[in-house]
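J.: Turn these sequences into a full structure, and let the hints steer you where they fit.
With UniProt numbering, the residue at position 457 of the sequence shown is 457, and numbering never jumps.
Careful: at least some of the hints might be erroneous.
To be verified - Between beta-carbon pairs, the in silico distance windows are: (1) Asn177 <-> Ala87: 28 to 36 Å; (2) Tyr132 <-> Leu440: 51 to 59 Å; (3) Glu342 <-> Lys207: 35 to 43 Å; (4) Asp48 <-> Lys207: 25 to 33 Å; (5) His237 <-> Arg4: 41 to 49 Å; (6) Lys191 <-> Arg116: 22 to 30 Å; (7) Lys191 <-> Asn107: 19 to 27 Å; (8) Arg486 <-> Val397: 22 to 30 Å.
Said to hold, decoys possible - Keeping only pairs whose Cα atoms sit at most 30 Å apart, straight-line, the calculated DSSO-like set for lysine-lysine is: (9) Lys188 <-> Lys199; (10) Lys393 <-> Lys372; (11) Lys199 <-> Lys181; (12) Lys191 <-> Lys241; (13) Lys16 <-> Lys3; (14) Lys241 <-> Lys22; (15) Lys101 <-> Lys393; (16) Lys44 <-> Lys207; (17) Lys199 <-> Lys230; (18) Lys188 <-> Lys241; (19) Lys181 <-> Lys372; (20) Lys445 <-> Lys485; (21) Lys44 <-> Lys188; (22) Lys44 <-> Lys16; (23) Lys393 <-> Lys22; (24) Lys199 <-> Lys101; (25) Lys455 <-> Lys485; (26) Lys101 <-> Lys455; (27) Lys188 <-> Lys204; (28) Lys230 <-> Lys241; (29) Lys191 <-> Lys181; (30) Lys204 <-> Lys191; (31) Lys372 <-> Lys44; (32) Lys3 <-> Lys445; (33) Lys181 <-> Lys44; (34) Lys393 <-> Lys17; (35) Lys44 <-> Lys17; (36) Lys101 <-> Lys17; (37) Lys199 <-> Lys241; (38) Lys445 <-> Lys393; (39) Lys191 <-> Lys207; (40) Lys101 <-> Lys16.
Read the hints as simulated data drawn from the structure, not as lab findings.
Where is the CB? At the ideal position from N, CA and C, for every residue including glycine.
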Amino acid sequence: MVKRDWVLETIEGVFKKRGIPKLDTPVLERREILYAKASEEVNKQIYDIADRRDIGDDGEDTEKGTVEHELLSLRFDLTVSLARFVAQNGLHSFERYQYGKVYRGENISRAKGRYREFVQFDYDIIGAGTPYSADIRTVQLIAEVLNALSLTPSFTVQINHRVILRSMLSACNVPTNLHMKCCSAIDKLDKLPWEDVEKELIEKGVKAESTLILRELLIPEKVADDQIDKFYALLDHMEQKIISSPAIQALQSDINTEDEKKEEKEDKQPIEEKGKEVPQQSSSSKQLQIDEIQQAFALIRTTLIVMNDLGYSRNIAFVPSLARGHDYYTGMIFEAICINSEGRSLGTVVGGGRYDDLIGILAGTGDDQKRKVPAIGFGIGFERLVSLVTNEKLIQVGRLRSREADVLIVPIGFKKQDLIVKMGLVTTAMLRAENSLNQLGIRAKLHDSTDLNPKNVIGECLNSHIAVLVWIGEEEAQNGTVTAKRLEQSKSGGQGKCIEDFCNQLNCTNIC
Numbered sequence: 001m002v003k004r005d006w007v008l009e010t011i012e013g014v015f016k017k018r019g020i021p022k023l024d025t026p027v028l029e030r031r032e033i034l035y036a037k038a039s040e041e042v043n044k045q046i047y048d049i050a051d052r053r054d055i056g057d058d059g060e061d062t063e064k065g066t067v068e069h070e071l072l073s074l075r076f077d078l079t080v081s082l083a084r085f086v087a088q089n090g091l092h093s094f095e096r097y098q099y100g101k102v103y104r105g106e107n108i109s110r111a112k113g114r115y116r117e118f119v120q121f122d123y124d125i126i127g128a129g130t131p132y133s134a135d136i137r138t139v140q141l142i143a144e145v146l147n148a149l150s151l152t153p154s155f156t157v158q159i160n161h162r163v164i165l166r167s168m169l170s171a172c173n174v175p176t177n178l179h180m181k182c183c184s185a186i187d188k189l190d191k192l193p194w195e196d197v198e199k200e201l202i203e204k205g206v207k208a209e210s211t212l213i214l215r216e217l218l219i220p221e222k223v224a225d226d227q228i229d230k231f232y233a234l235l236d237h238m239e240q241k242i243i244s245s246p247a248i249q250a251l252q253s254d255i256n257t258e259d260e261k262k263e264e265k266e267d268k269q270p271i272e273e274k275g276k277e278v279p280q281q282s283s284s285s286k287q288l289q290i291d292e293i294q295q296a297f298a299l300i301r302t303t304l305i306v307m308n309d310l311g312y313s314r315n316i317a318f319v320p321s322l323a324r325g326h327d328y329y330t331g332m333i334f335e336a337i338c339i340n341s342e343g344r345s346l347g348t349v350v351g352g353g354r355y356d357d358l359i360g361i362l363a364g365t366g367d368d369q370k371r372k373v374p375a376i377g378f379g380i381g382f383e384r385l386v387s388l389v390t391n392e393k394l395i396q397v398g399r400l401r402s403r404e405a406d407v408l409i410v411p412i413g414f415k416k417q418d419l420i421v422k423m424g425l426v427t428t429a430m431l432r433a434e435n436s437l438n439q440l441g442i443r444a445k446l447h448d449s450t451d452l453n454p455k456n457v458i459g460e461c462l463n464s465h466i467a468v469l470v471w472i473g474e475e476e477a478q479n480g481t482v483t484a485k486r487l488e489q490s491k492s493g494g495q496g497k498c499i500e501d502f503c504n505q506l507n508c509t510n511i512c
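T.: This is how it looks when you write it as structure tokens:
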């Protein structure tokens, strides 16, 4: 629990310092909301609460319909609760952090960090703000959290953009219906060589000539040496290649032509019909436009600049193969990984992105226009972070001592068969010494083994890094004294000392 408490307090402290409010919601949600908003896979993992009707004194169900009942289930994440809270309170702008237990009927795997009950820690900003500000602030908060924990030698926040992914695939002449399958393959590029990724892409229906263009975009031959300059060069390279590609140019030409036809049609409408809403969306709202692509690259570039200025140049990376959440993320996406001293990844500890459609859908709003609720946030892999905490780290931050106790109190002058018969007076003296030390903030414990051999007892103390060994026998108990030995010293110090004087002396020497 010490590890969990410290990780939770440290993460929460980052948000408290910035005045970000905390939200708490019930673990129970209405069943129809959870099932309507979850994917098919998650639906199979939801825990339902048994329908509890009014039960009469005789144990039989009372007449149905006398009391309104709601079918409830345990929440599987915190986003549905957030969406409900925003919708119920009519909020147009909202920022919060939240943590709590969530439940999924998964197969338990300790190695993969999968549990049926686990803690989730989320941060989200809902509502429109200054362009780019929410996105960059969110990335910066991830870095602040991991920097505050400093569990590993390093961490990297990897960023990308859904529009960059879509435009990259379109520039390579990959059909739209294959984009999701391609993203799942591209996302493996940090673990697999290009040859394996290329093979998977071809198996999923991508043409060989398209994979050649894709490789040139994802793995350019010439980049700068400096890390940040390398990302700037990669951004410039990709943006120029994508926008100038025949596929994107042809797409933009089609959009312009269709928009011109739409304007011409509107000009021919009767005056009284003009200005009325057209139910179908124009192609320009469905297809990628060059200015949309340019804005995506500009956001990534600006994020790199700001993070560099804030001192995180070694902790930020543009990763064009990052492709999480294809079905709900709409803008910037990000993941954070912890890295050990050998430069090896210890896995993803934070993930998130912009999801401008999801809150509206979860809240159950009406038409497409209303469903556009600007939102961005991230979830922290709390259990994985806890697993990365070492005892050395807790000692370093003062949450764990290097030894379990400062003083060990041991009875002396008894044989094993005498312990129960003759220990009454000595036990009283031992407990009195333990209480006196504890009241002074000195951690003392009683010897809990029947092995009273002095050599073995001293060995136990040395293994546990205990500083002082205290012996109490019948003589000490009768006289109200103790015999003590500082284990870092060769001589016994404190033989025949009064318990109160001994305790005060230990307190003054600050052995804790």
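J.: Are the hints correct? Go through all of them and say.
T.: Comparing the hints with the structure gives:
| no. | hint | result |
| --- | --- | --- |
| 1 | Asn177 <-> Ala87: 28 to 36 Å | holds, 32 Å |
| 2 | Tyr132 <-> Leu440: 51 to 59 Å | holds, 56 Å |
| 3 | Glu342 <-> Lys207: 35 to 43 Å | holds, 39 Å |
| 4 | Asp48 <-> Lys207: 25 to 33 Å | violated, 46 Å |
| 5 | His237 <-> Arg4: 41 to 49 Å | holds, 44 Å |
| 6 | Lys191 <-> Arg116: 22 to 30 Å | holds, 27 Å |
| 7 | Lys191 <-> Asn107: 19 to 27 Å | holds, 22 Å |
| 8 | Arg486 <-> Val397: 22 to 30 Å | holds, 27 Å |
| 9 | Lys188 <-> Lys199 | holds, 12 Å |
| 10 | Lys393 <-> Lys372 | violated, 44 Å |
| 11 | Lys199 <-> Lys181 | holds, 13 Å |
| 12 | Lys191 <-> Lys241 | holds, 25 Å |
| 13 | Lys16 <-> Lys3 | holds, 20 Å |
| 14 | Lys241 <-> Lys22 | violated, 44 Å |
| 15 | Lys101 <-> Lys393 | holds, 25 Å |
| 16 | Lys44 <-> Lys207 | violated, 36 Å |
| 17 | Lys199 <-> Lys230 | holds, 27 Å |
| 18 | Lys188 <-> Lys241 | holds, 23 Å |
| 19 | Lys181 <-> Lys372 | holds, 25 Å |
| 20 | Lys445 <-> Lys485 | holds, 15 Å |
| 21 | Lys44 <-> Lys188 | holds, 26 Å |
| 22 | Lys44 <-> Lys16 | violated, 36 Å |
| 23 | Lys393 <-> Lys22 | holds, 27 Å |
| 24 | Lys199 <-> Lys101 | violated, 40 Å |
| 25 | Lys455 <-> Lys485 | holds, 13 Å |
| 26 | Lys101 <-> Lys455 | violated, 49 Å |
| 27 | Lys188 <-> Lys204 | holds, 14 Å |
| 28 | Lys230 <-> Lys241 | holds, 16 Å |
| 29 | Lys191 <-> Lys181 | holds, 17 Å |
| 30 | Lys204 <-> Lys191 | holds, 19 Å |
| 31 | Lys372 <-> Lys44 | holds, 28 Å |
| 32 | Lys3 <-> Lys445 | holds, 23 Å |
| 33 | Lys181 <-> Lys44 | holds, 23 Å |
| 34 | Lys393 <-> Lys17 | holds, 23 Å |
| 35 | Lys44 <-> Lys17 | violated, 39 Å |
| 36 | Lys101 <-> Lys17 | holds, 24 Å |
| 37 | Lys199 <-> Lys241 | holds, 23 Å |
| 38 | Lys445 <-> Lys393 | holds, 25 Å |
| 39 | Lys191 <-> Lys207 | holds, 23 Å |
| 40 | Lys101 <-> Lys16 | holds, 20 Å |
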